[in-house]
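Asks: Taken in order, these protein sequences are the chains called G, V, Z and U.
Per this note's numbering, the first sequence starts with residue 1, numbered consecutively.
Per this note's numbering, the second sequence starts with residue 1, numbered consecutively.
Per this note's numbering, the third sequence starts with residue 1, numbered consecutively.
Per this note's numbering, the fourth sequence starts with residue 1, numbered consecutively.
Hints were generated in silico from the structure; no laboratory data involved.
Glycine included, every Cβ here is placed at the ideal spot set by N, Cα and C.
Watch out, some of these pointers could steer you wrong.
[What the hints assert, rightly or not] Have a look at the derived ranges for each label pair, beta carbon to beta carbon:
(1) V:Asp71 - U:Ala227: 51 to 57 Å
(2) V:Ala87 - G:Lys53: 52 to 58 Å
(3) V:Glu51 - G:Ser2: 38 to 44 Å
(4) V:Gly21 - U:Ala48: 26 to 32 Å
(5) V:Pro208 - G:Gly224: 44 to 50 Å
(6) U:Lys53 - G:Glu19: 29 to 35 Å
(7) V:Pro208 - U:Ala87: 48 to 54 Å
(8) G:Gly224 - Z:Glu19: 43 to 49 Å
[Said to hold, decoys possible] Covered by chain Z, according to a simulated footprint, are these stretches of chain U (three or more residues, beta-carbon under 8 Å):
(9) 95-109
(10) 129-139
(11) 168-177
Protein chains: 4
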Amino acid sequence: MSFDKLKDEVLKANLDIVEAGLVVLTWGNASGVDFAKGAMAIKPSGVAYSELKAKDIVILSLATGEVIEGDLNPSSDTPTHLALYRAYPTIGGIVHTHSTYATSWAQSERDIPCLGTTHADHFSGSVPVARNITESELAAYEAETGKVIIETFQGRGLDPLDVPAVLLPHHGPFAWGRTPHEAVKNAIALEEVAKMALFSFLINPNVPAAPKALQDKHYKRKHGPGAYYGQESDRR
Amino acid sequence: MSFDKLKDEVLKANLDIVEAGLVVLTWGNASGVDFAKGAMAIKPSGVAYSELKAKDIVILSLATGEVIEGDLNPSSDTPTHLALYRAYPTIGGIVHTHSTYATSWAQSERDIPCLGTTHADHFSGSVPVARNITESELAAYEAETGKVIIETFQGRGLDPLDVPAVLLPHHGPFAWGRTPHEAVKNAIALEEVAKMALFSFLINPNVPAAPKALQDKHYKRKHGPGAYYGQESDRR
Amino acid sequence: MSFDKLKDEVLKANLDIVEAGLVVLTWGNASGVDFAKGAMAIKPSGVAYSELKAKDIVILSLATGEVIEGDLNPSSDTPTHLALYRAYPTIGGIVHTHSTYATSWAQSERDIPCLGTTHADHFSGSVPVARNITESELAAYEAETGKVIIETFQGRGLDPLDVPAVLLPHHGPFAWGRTPHEAVKNAIALEEVAKMALFSFLINPNVPAAPKALQDKHYKRKHGPGAYYGQESDRR
Amino acid sequence: MSFDKLKDEVLKANLDIVEAGLVVLTWGNASGVDFAKGAMAIKPSGVAYSELKAKDIVILSLATGEVIEGDLNPSSDTPTHLALYRAYPTIGGIVHTHSTYATSWAQSERDIPCLGTTHADHFSGSVPVARNITESELAAYEAETGKVIIETFQGRGLDPLDVPAVLLPHHGPFAWGRTPHEAVKNAIALEEVAKMALFSFLINPNVPAAPKALQDKHYKRKHGPGAYYGQESDRR
Chain G
1 MSFDKLKDEV
11 LKANLDIVEA
21 GLVVLTWGNA
31 SGVDFAKGAM
41 AIKPSGVAYS
51 ELKAKDIVIL
61 SLATGEVIEG
71 DLNPSSDTPT
81 HLALYRAYPT
91 IGGIVHTHST
101 YATSWAQSER
111 DIPCLGTTHA
121 DHFSGSVPVA
131 RNITESELAA
141 YEAETGKVII
151 ETFQGRGLDP
161 LDVPAVLLPH
171 HGPFAWGRTP
181 HEAVKNAIAL
191 EEVAKMALFS
201 FLINPNVPAA
211 PKALQDKHYK
221 RKHGPGAYYG
231 QESDRR
Chain V
1 MSFDKLKDEV
11 LKANLDIVEA
21 GLVVLTWGNA
31 SGVDFAKGAM
41 AIKPSGVAYS
51 ELKAKDIVIL
61 SLATGEVIEG
71 DLNPSSDTPT
81 HLALYRAYPT
91 IGGIVHTHST
101 YATSWAQSER
111 DIPCLGTTHA
121 DHFSGSVPVA
131 RNITESELAA
141 YEAETGKVII
151 ETFQGRGLDP
161 LDVPAVLLPH
171 HGPFAWGRTP
181 HEAVKNAIAL
191 EEVAKMALFS
201 FLINPNVPAA
211 PKALQDKHYK
221 RKHGPGAYYG
231 QESDRR
Chain Z
1 MSFDKLKDEV
11 LKANLDIVEA
21 GLVVLTWGNA
31 SGVDFAKGAM
41 AIKPSGVAYS
51 ELKAKDIVIL
61 SLATGEVIEG
71 DLNPSSDTPT
81 HLALYRAYPT
91 IGGIVHTHST
101 YATSWAQSER
111 DIPCLGTTHA
121 DHFSGSVPVA
131 RNITESELAA
141 YEAETGKVII
151 ETFQGRGLDP
161 LDVPAVLLPH
171 HGPFAWGRTP
181 HEAVKNAIAL
191 EEVAKMALFS
201 FLINPNVPAA
211 PKALQDKHYK
221 RKHGPGAYYG
231 QESDRR
Chain U
1 MSFDKLKDEV
11 LKANLDIVEA
21 GLVVLTWGNA
31 SGVDFAKGAM
41 AIKPSGVAYS
51 ELKAKDIVIL
61 SLATGEVIEG
71 DLNPSSDTPT
81 HLALYRAYPT
91 IGGIVHTHST
101 YATSWAQSER
111 DIPCLGTTHA
121 DHFSGSVPVA
131 RNITESELAA
141 YEAETGKVII
151 ETFQGRGLDP
161 LDVPAVLLPH
171 HGPFAWGRTP
181 HEAVKNAIAL
191 EEVAKMALFS
201 FLINPNVPAA
211 PKALQDKHYK
221 RKHGPGAYYG
231 QESDRR
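Same shape as in the complex, but just chain G (with noise of 0.2 Å):
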């Protein structure tokens, strides 16, 4: 049982969010899951991305959140990943930055509104921010931060693939996708809605968010059986 279709895929997700500019020093991590074979790839902790090599990538356990092949220490947001990959059966991809407009969203505990097509292009609705963590959830922070993601888009009753990414308080953004590939497009757009809605306050502060039939026809134009953006081969 290889790993390395895998492991090259996660690697290049996480060279692109560098690429992107969405990482500063070796803040962020993107994860990928094989789940036929039960496994999770990931970044190792606190590794320079310069360095980085496909062999140094971590493949978990999805059961158990054992290693099953690698020297370094997964990730510490490892059990973050695993919750996610765990409730979502759709999604093949996971990104974390501290990308610098998402996490000022994030710091802000304000959820990103939908003031544009740029935004309904990729995020059904507005982008939430979860609740803060508790203290005594602090124990196991990192499982717990899935937890809280899961909770808010239950209680907001959102599909993961409509809103690919959720705002931790105080901390930062989450994206994902059907693949690594996709959820690094997700990041990459999230941080640019949360820059032009930052941008859009600060000339007008009373935007109001983009018309309801916009916003859909948009997400639509890209998304679901009528979708009509781009080339057949690359729909969904």
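Once you've looked at the hints, dock chains V, Z and U against the given chain G.
Replies: Chains V, Z and U alone, transformed into the frame defined by chain G:
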């Protein structure tokens, strides 16, 4: 009848908007027209810029919108481009982006006022924001978007070569020019004046528009029979 | 009488302002002067920086403004540069840009106050904004712009080497120095202090100016007989 | 007694702050110390980073401040660095910059509050702004600056390794660490948290500090005996 030169020109315009930092992911497209041949050339939909080749540029009939040459789907914004070329025979190139600052003004539903000579060198007066698309117009969204732009320019009595850009509310900017290359330059100028306008308002919330005589002086330094900016060979 | 050295120096200054990120499209120009030869060298008008060669730099008579050497039109801002060199024999180089933050202050009609040592190291006191050009002055716009700058410095009792920059309202900055290279450094410093001043006001709308004694201390660390910053060979 | 290793380490730290975008022109300097040899290594004053070589790094006596090795003047900020190493034997490297956002907070005379985990991972609690230098202290400006930093940490009961940075009002930041490399990382983190803190306040002017328990959790994930972030070999 060869479209090679048009394809090269439109390919370059698409790559130039990426090089200029106006594009995130695949959010943007540039087109060009050959009125003599009755044809428009445009970027294919959803194709990564890094892989874009001249042969991927799609050629469509200006009259019918049908694909004349090319194996890929044209940009989903094609009907908007077609509508503009049909209405304005002085326009030879169109650029659509989601560039950060221009999109933030568009999301804010605010015209970009002419605060200085950087703006006046490219745009005569404010860059207008169009009205919102109505729900019933969403059925033919991209074609109606073109109509709304034309309605905006007619309603305000604007010549599209004097104000070579528009903001679509909750969406983003379109810019144009006599050639695809000039459309790119106007898209770059638009993003920069959008950025400066935001910063100017943050410095001085009561900033007045630039004096009208100064605006006209700068616009006419670069445009029209008395222009004296640049080399003679570059003049309109 | 060869102008090769002056052309090289002015070419380098023009390329350095692009390299420093102060220039979008062709919005900017740098010049240098050789008082002994009675000549000024300046960028040609509207030429793309990527194609600029030393032989394109235009040499003009400081006395008459007539072209001595060069096949291209000089920058349309030439009369402003000439006016400044004629008024101030201590200036050897001038840079004009539309750099984002300095232009935003210029558009806002606000002096940039001295909020810290970064500012004080280069500019003694506020960077002044000149008055608006009157409508009747627009007939000889660029020459009058030079006069308005001189009027500003005379009216405020400023030595142009102590405050080597000015903001033209609704236009942008001019910076200068003893050489074209020093003018470039002052243009870079101006853009950075303009940026920091905006951010400082956003953090604290009531931010006071830096204490006057601290301003003077820093300015004198770098300038004048008691300077002790840098290596002896670099001192004025 | 060779200082080659120390010079290499300090050269690298100086180049790294440029690479990280913390430096404009020559505004910044990094130093390192070898307590066993009683020597400090620091950047020479006013030398362009692009020309900086290991042999240009100046070695001074920690006890007397006299130059031991090197042909160039040491940084004018040398007395500040000496004062910090003399007061805090746990510090092995110091970085001074005028990085844009940290300097804007310094100019605003405001502590940077801990708004999130990005901050808490590096700094335990707010990054303090020191008091203004008095006029009489300006005579020995750089040495007094060191004293004011120490006074700030003593007055607030702070361990410089728990809060490895300070803001000097109307001037800019100093950051430090156990090594020059760690000082660079803290200077990078400081700039990023300063940026995020500004944006967070713009999004939500009433943003609360991160919950204290979350701050402590994150700080302790990375520091101290219970740390579990990164690989064992990287731990303090």
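Asks: The structure should be examined with respect to each hint, and the outcome stated for every one.
Replies: Tested hints:
1. V:Asp71 - U:Ala227: 51 to 57 Å: holds (56 Å)
2. V:Ala87 - G:Lys53: 52 to 58 Å: Since the Cβ atoms of alanine 87 (chain V) and lysine 53 (chain G) sit about 56 Å apart, the hinted range of 52 to 58 Å holds.
3. V:Glu51 - G:Ser2: 38 to 44 Å: Given about 28 Å between the Cβ atoms, the range is violated.
4. V:Gly21 - U:Ala48: 26 to 32 Å: holds (27 Å)
5. V:Pro208 - G:Gly224: 44 to 50 Å: holds (48 Å)
6. U:Lys53 - G:Glu19: 29 to 35 Å: holds (31 Å)
7. V:Pro208 - U:Ala87: 48 to 54 Å: holds (53 Å)
8. G:Gly224 - Z:Glu19: 43 to 49 Å: At 47 Å between Cβs, range holds.
9. 95-109: holds (count 10)
10. 129-139: Holds, because 4 residues of the segment 129-139 of chain U bring their Cβ atoms closer than 8 Å to Cβ atoms of chain Z.
11. 168-177: holds (count 3)
When held up to the earlier numbered hints, the structure conflicts with hint 3 and nothing else.
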